[in-house]
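Go by the hints and put chain U onto chain R.
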Amino acid sequence: MVENRPWLDFFAHAILILGVILVAFPLYVTFVASTLTYEEIVNVPMPLIPGDQLIENYTQVLTSGSQKGSAAPVGTMLYNSLVMALGVAIGKIAISILSAFAIVYFRFPLRNFFFWMIFVTLMLPIEVRIIPTFKVAADLHLLDSYAGLILPVIASATATFLFRQFFLTIPDELAEAARMDGAGPLRFFWDVVLPLSKTSMAALFVILFIVGWNEYLWPLLITSQESMYTVVIGIKRMIAGGDASNEWNLIMATAMLALLPPALVVIFMQKWFVKGLVETEK
Amino acid sequence: MAEISLRAVKKSYVMLQVIHGVTVDIADGEFIVIVGPSGCGKSTLLRMIAGLETITEGEVTIAGRVVNNVEPKDRNIAMVFQNYALYPHMSVYENMSYGLRIRRMPKAEIDERVQRAAKILELGPFLDRKPRALSGGQRQRVAMGRAIVREPAAFLFDEPLSNLDAKLRVQMRLEIQKLHRELKTTSIFVTHDQVEAMTLADRMIVMNLGVAEQIGRPIDVYDDPASLFVAGFIGSPAMNFLPGKRVGERIDVGSGISIEIPAGLRAGAKDAVTVGVRPEHLVAGESEGPVFRFTVDTIEALGADSLLHGRIGEGMLIARVDGHMTPAPGDAMVFSTRRGKLYFFDTASGKRLRP
Chain R
1 MVENRPWLDF FAHAILILGV ILVAFPLYVT FVASTLTYEE IVNVPMPLIP
51 GDQLIENYTQ VLTSGSQKGS AAPVGTMLYN SLVMALGVAI GKIAISILSA
101 FAIVYFRFPL RNFFFWMIFV TLMLPIEVRI IPTFKVAADL HLLDSYAGLI
151 LPVIASATAT FLFRQFFLTI PDELAEAARM DGAGPLRFFW DVVLPLSKTS
201 MAALFVILFI VGWNEYLWPL LITSQESMYT VVIGIKRMIA GGDASNEWNL
251 IMATAMLALL PPALVVIFMQ KWFVKGLVET EK
Chain U
283 MAEISLRAVK KSYVMLQVIH GVTVDIADGE FIVIVGPSGC GKSTLLRMIA
333 GLETITEGEV TIAGRVVNNV EPKDRNIAMV FQNYALYPHM SVYENMSYGL
383 RIRRMPKAEI DERVQRAAKI LELGPFLDRK PRALSGGQRQ RVAMGRAIVR
433 EPAAFLFDEP LSNLDAKLRV QMRLEIQKLH RELKTTSIFV THDQVEAMTL
483 ADRMIVMNLG VAEQIGRPID VYDDPASLFV AGFIGSPAMN FLPGKRVGER
533 IDVGSGISIE IPAGLRAGAK DAVTVGVRPE HLVAGESEGP VFRFTVDTIE
583 ALGADSLLHG RIGEGMLIAR VDGHMTPAPG DAMVFSTRRG KLYFFDTASG
633 KRLRP
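Order-wise, the sequence lines are chains R and U.
Residue numbers 1 to 282, in the working numbering, belong to the letters of the first sequence in order.
Residue numbers 283 to 637, in the working numbering, belong to the letters of the second sequence in order.
So here's chain R without its partners, still in its complex pose (with noise of 0.2 Å):
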């Protein structure tokens, strides 16, 4: 538009500072309470400026937790949620570049069969098949391990149909065009294809590593030493009762440390994300 009306500008520009305040007041009340001491929290109402608990809440949490609820330190449940997201994102992505590839470029009897056999387990939610999944994880001696948090989830059918997608729109001559200059299958994956899936692949990693970081039913049954809690379970397990008994103040603060790293992921892989869904380099 090549139009200058100033109220229309003031307008569009009080809109969208009033969705920004609506978004952020409850972040910022989190943080604010994070600030505070318990007593203050519990005064009505809650002052919403920041008070002078910053340093000691933080470091009460992440070294030694909540004394009412779940005692884990923050610190430790930070790592073991960064150990999963991290391991169901990458190996989520591993594996199901390979599947991609191995439907879109070979030619093997029921390819088909097999490709939508994948693509239905897409529309069967983790919900309906967590008993037996958990039945299995058990008798595989994977409960509160690493192994256990991360192998169960880490098929994905969604980012196996994205790379599939991505893959037949790479023009059939540059398959071809390897093939005559001698490269094998292996090859060509390494050398053209997946250097052109970069900015897929940086896209799908965020969206799964916040999938893996969110992730609540699967470490909820899978854990049980708080040794082994990630954040998102941590938080719930600090909530032990009653209003009062609990340390909000701390839980607060261990709600924001748990939103920090998937907003830097989000941050940092922001212009890879953009590109990796609109890319049409080929």
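For the record, the hints were derived by calculation from the structure and aren't laboratory data.
For each residue, glycine too, the CB sits at the ideal point set by N, CA and C.
Please note that a few of the clues may not be correct.
What the hints assert, rightly or not - Where chain R lies over chain U, by a calculated footprint (3+ residues, C-beta under 8 Å): (1) 356-362; (2) 378-386.
To be verified - Just the calculated beta-carbon pair ranges, DEER-fashion: (3) R/D172 with U/A583: 51 to 59 Å; (4) R/G184 with U/G605: 57 to 65 Å; (5) R/P185 with U/K449: 25 to 33 Å; (6) U/R347 with R/Q270: 51 to 59 Å; (7) R/D172 with U/E394: 29 to 37 Å; (8) U/R463 with R/D172: 57 to 65 Å; (9) U/D393 with R/Y216: 53 to 61 Å; (10) U/R383 with R/D172: 20 to 28 Å; (11) R/K198 with U/K460: 33 to 41 Å; (12) R/P185 with U/E391: 25 to 33 Å; (13) R/N214 with U/K449: 54 to 62 Å; (14) R/K198 with U/Q453: 48 to 56 Å.
This is chain U only, laid out in the frame that chain R set:
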């Protein structure tokens, strides 16, 4: 460098046969153009030589070795694709050297070959660029460079000029011609454009519906087409066809025109005969040959010459005349042609009548 032979090569998909036995011997250093309309099987034939399609029946030999079951990379050939098929994430240099790097050639030799190819193709300033920063013509040159550095026994071109605009196409055609003169590498070039076929080929293979209708030097194919299809496909504008009925020793093509059958062809002529004459072989006025009278329907003035469209019997007639001769639609015109410039075909089989 190598000679390539095809021995009764056939290709079938499940129920459908698409190549019905093509046999041709290609000499070392020869430039062969396979030309035909889309769907005639010309690309399939090329891909069979390249090893990208399996050969259902028959034999392909390269330099005397049967390659039916040899992987493309071991056939010692290089291919240039219609859409260039450059690796988008690699620079021009990396694109050209990729095949050599896979073969683990020493770096110094790779560099020497790439630099030499870049010089021939005038790609020197672009070696560090990515393909997306190049124009269509430059990309096509990179694709050719990738083929050249391999120093293969043969080049295979799959409609390499179809993605270029008209002006660039002419320029690249000349460059390919020059390149072949310099390198003298056996080349097989697939195109649907008869002008490319005429100008580039040492010999051309005219394909139709999976059959090689005629194999020969361009000028021989033009002068002496073997069938209605070849006569209509090679030459622009296409040859005029006048379907007629045989009446004794003459053929009645309608509009009161009848043409005498040359003595040598009378024995083979059936009831339905099609007479062909090229637009450029019709000359205004009456002379010793058969005379064609028709009314001008449309005129295409091309500058150097004009094409006059008219109707004779059931057939359309196009005459190519000097560009300054400008009759109006509706004018009656008289053309004649020398006897030797008439072609007689059996209408039913499409085959040329031969003495």
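Hints, verified against the model:
no.	hint	verdict
1	356-362	holds (count 3)
2	378-386	holds (count 4)
3	R/D172 with U/A583: 51 to 59 Å	violated, 44 Å
4	R/G184 with U/G605: 57 to 65 Å	holds, 59 Å
5	R/P185 with U/K449: 25 to 33 Å	violated, 40 Å
6	U/R347 with R/Q270: 51 to 59 Å	holds, 56 Å
7	R/D172 with U/E394: 29 to 37 Å	holds, 32 Å
8	U/R463 with R/D172: 57 to 65 Å	violated, 32 Å
9	U/D393 with R/Y216: 53 to 61 Å	holds, 57 Å
10	U/R383 with R/D172: 20 to 28 Å	holds, 23 Å
11	R/K198 with U/K460: 33 to 41 Å	holds, 39 Å
12	R/P185 with U/E391: 25 to 33 Å	holds, 27 Å
13	R/N214 with U/K449: 54 to 62 Å	holds, 58 Å
14	R/K198 with U/Q453: 48 to 56 Å	violated, 36 Å
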